[in-house]
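Enquirer: Per my numbering: the sequence shown = residues 75 to 336.
In short, the hints are calculated from the structure, not lab data. Small disclaimer: the values here were computed from a predicted structure and weren't measured. There may be inaccurate statements among the hints.
To be verified - Within a straight-line C-alpha distance of at most 16 Å, the following computed EDC-like cross-link-like pairs (lysine to aspartate or glutamate) qualify:
hint, residue 1, residue 2
1, 227, 288
2, 292, 304
3, 335, 142
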Amino acid sequence: MNFHGTEVRQTALTLLRGDAKNADVARKLNVPVGTVGYWKHLDRAKRGECPGRHAPPCPRCDGRQLDEAAYGYLLGLYLGDGHISHYSQHRVPNLMISCTESWPGLMDACEAAMRAVFPDNGVCRVRKTGCSNVKVYSKHLHCLFPQHGPGKKHQRPIILEPWQQAVVDAHPWEFIRGLIHSDGCRITNWTTRMVAGERKRYEYPRYFFSNKSDDIRKLFTDALDLVGVEWTTLARGSYPFTISIARKPSVALMDTHVGPKH
């Protein structure tokens, strides 16, 4: 382990007080840049120059205006593929939405929604094998996503607060789009039929949404009812976890307001 004497440290502080960059000081004195940053922090704290803690206002606690359309979309993503965690080494919790690399447009939309809902917080992407986790850190995540709790979502009640329900009622398509982009898809089904004595292949699009949580499926179908989309429950075996949208007018509505992932 290298220990740096008082003279080296004082030289570094003199340079830093002259607005030299941490990296330049580190190279000049052959000191790790992290050490230089630590010295600078202690020096500024001793002189009372440290900036205040970053504390962005919260729509729930402080009355900051909330981008409700972006929140409706982000809420849908959270209920599908999102979770909140708090690592012991981090000061605040993080919201993470897992997005497959196959849908870069979805990833962009997720990041844009996070930035709109948390305009004063940093948003980042963490690449994993086959996917990227879009993340935001905030001490107010539990205020905006009170559905967070221990265990899996389908093993605990998922009930919207009245203010959240008001957002969904005002922006149902954004909420539906978020749910489809997380746990849904648009596919092309096919069947055959006899036309003029000849069997021909017939293709038609439909939307699916699958989630084990009865509460989350109910939130989805309630939003569909609100916008006039007809749906049915598709029971595969004895597990009715999938909502199907197959009627042509309803698929057309979904195509207009949601569309396939991209």
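Enquirer: When you check the alpha-carbon spacing of residue 335 and residue 142, does it fall within 16 Å?
Expert: This hinted pair is violated, its Cα atoms lying about 22 Å apart.
Enquirer: Between residue 292 and residue 304, does the CA-CA distance stay at or below 16 Å?
Expert: holds (14 Å)
Enquirer: Straight-line Cα separation of residue 227 and residue 288 no greater than 16 Å?
Expert: It holds: about 10 Å lies between the C-alpha atoms, which stays within 16 Å.
Taken one by one, the earlier hints fail for this structure only at number 3.
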